[in-house]
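Colleague: These protein sequence lines are chains A and B, in that order. Sequential numbering from 1 applies to the first sequence in the working numbering. Sequential numbering from 1 applies to the second sequence in the working numbering.
Simulated from the structure, these hints should not be mistaken for lab results. Be aware that one or more of the hints could be misleading.
Derived lysine-lysine pairs resembling DSS-like cross-links, with alpha carbons at most 25 Å apart [said to hold, decoys possible]:
(1) 17(A) with 57(A)
(2) 101(A) with 18(B)
(3) 1(A) with 36(B)
(4) 101(A) with 41(B)
(5) 71(A) with 41(B)
(6) 101(A) with 22(B)
(7) 22(B) with 41(B)
(8) 41(B) with 53(B)
Pair by pair, the computed Cβ-Cβ distance ranges are [said to hold, decoys possible]:
(9) 12(B) with 40(A): 15 to 25 Å
(10) 76(A) with 3(B): 26 to 36 Å
(11) 71(B) with 20(A): 39 to 49 Å
(12) 27(B) with 61(A): 23 to 33 Å
(13) 53(A) with 18(B): 41 to 51 Å
(14) 2(A) with 52(B): 26 to 36 Å
(15) 57(B) with 67(A): 33 to 43 Å
(16) 78(A) with 16(B): 45 to 55 Å
(17) 7(A) with 111(B): 20 to 30 Å
(18) 30(B) with 82(A): 31 to 41 Å
(19) 60(A) with 96(B): 24 to 34 Å
(20) 113(A) with 111(B): 21 to 31 Å
For every residue, glycine included, the Cβ atom is placed at its ideal position computed from N, Cα and C.
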Amino acid sequence: KNQVEQSPQSLIILEGKNCTLQCNYTVSPFSNLRWYKQDTGRGPVSLTIMTFSENTKSNGRYTATLDADTKQSSLHITASQLSDSASYICVVSPRTGTASKLTFGTGTRLQVTL
Amino acid sequence: DTEVTQTPKHLVMGMTNKKSLKCEQHMGHRAMYWYKQKAKKPPELMFVYSYEKLSINESVPSRFSPECPNSSLLNLHLHALQPEDSALYLCASSRSPGTGGDTIYFGEGSWLTVV
Numbered sequence: 001k002n003q004v005e006q007s008p009q010s011l012i013i014l015e016g017k018n019c020t021l022q023c024n025y026t027v028s029p030f031s032n033l034r035w036y037k038q039d040t041g042r043g044p045v046s047l048t049i050m051t052f053s054e055n056t057k058s059n060g061r062y063t064a065t066l067d068a069d070t071k072q073s074s075l076h077i078t079a080s081q082l083s084d085s086a087s088y089i090c091v092v093s094p095r096t097g098t099a100s101k102l103t104f105g106t107g108t109r110l111q112v113t114l
Numbered sequence: 001d002t003e004v005t006q007t008p009k010h011l012v013m014g015m016t017n018k019k020s021l022k023c024e025q026h027m028g029h030r031a032m033y034w035y036k037q038k039a040k041k042p043p044e045l046m047f048v049y050s051y052e053k054l055s056i057n058e059s060v061p062s063r064f065s066p067e068c069p070n071s072s073l074l075n076l077h078l079h080a081l082q083p084e085d086s087a088l089y090l091c092a093s094s095r096s097p098g099t100g101g102d103t104i105y106f107g108e109g110s111w112l113t114v115v
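Same shape as in the complex, but just chain A:
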């Protein structure tokens, strides 16, 4: 069964600090991995999308890494801001099938405080 597990479940950090969120998946064969940011009560917003041949991708202060051999990904947030407080969801797509066959992780809830 395709699964995506994220850790930690929740995280509190001080403004200005860095943090790293983890994602482990068992989706196989694998096509791509996405990270989304979801503010409470709002729709998810795409941060990065990586294919199985990519190791890293950046979007501003967000940097995602991917190790397709170990089936692990991480999202690193640099110099956190209060507006980074949200849930971060890892989403994996299989090689076959359509964009609809996505497996969502349960997310990491990040809170950035003063």
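Once you've looked at the hints, dock chain B against the given chain A.
Modeller: Positioned in the frame of chain A, the structure of chain B alone reads:
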């Protein structure tokens, strides 16, 4: 324009009411989706429309009825819902339903409360 627009943002309905959620995108995307999301849970796929035709129904109860009037619009008709159907309903779209690498754009969601 990379927006998926959903209306209404909030909806409260009784169990005997009939209401509709609406979704619109003008990115020329040919795949559109409805997801249901409960609090602190990931989105769950409900329906997929591919080139305006229903291609996937994830065993959704018939009290939810999707409709795709044209390539830019997607509706979700609601009738005789139960309180447990209260959730955030997300519409999404992607360029093509057959390409797993497309970015999926989500709308802001419609908060539904069934009383």
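Colleague: Now tell me if each hint is right for this structure.
Modeller: Hint check:
no.: 1; hint: 17(A) with 57(A); verdict: 20 Å, holds
no.: 2; hint: 101(A) with 18(B); verdict: 30 Å, violated
no.: 3; hint: 1(A) with 36(B); verdict: 21 Å, holds
no.: 4; hint: 101(A) with 41(B); verdict: 17 Å, holds
no.: 5; hint: 71(A) with 41(B); verdict: 22 Å, holds
no.: 6; hint: 101(A) with 22(B); verdict: 23 Å, holds
no.: 7; hint: 22(B) with 41(B); verdict: 23 Å, holds
no.: 8; hint: 41(B) with 53(B); verdict: 28 Å, violated
no.: 9; hint: 12(B) with 40(A): 15 to 25 Å; verdict: 19 Å, holds
no.: 10; hint: 76(A) with 3(B): 26 to 36 Å; verdict: 28 Å, holds
no.: 11; hint: 71(B) with 20(A): 39 to 49 Å; verdict: 40 Å, holds
no.: 12; hint: 27(B) with 61(A): 23 to 33 Å; verdict: 26 Å, holds
no.: 13; hint: 53(A) with 18(B): 41 to 51 Å; verdict: 49 Å, holds
no.: 14; hint: 2(A) with 52(B): 26 to 36 Å; verdict: 28 Å, holds
no.: 15; hint: 57(B) with 67(A): 33 to 43 Å; verdict: 36 Å, holds
no.: 16; hint: 78(A) with 16(B): 45 to 55 Å; verdict: 52 Å, holds
no.: 17; hint: 7(A) with 111(B): 20 to 30 Å; verdict: 28 Å, holds
no.: 18; hint: 30(B) with 82(A): 31 to 41 Å; verdict: 38 Å, holds
no.: 19; hint: 60(A) with 96(B): 24 to 34 Å; verdict: 27 Å, holds
no.: 20; hint: 113(A) with 111(B): 21 to 31 Å; verdict: 26 Å, holds
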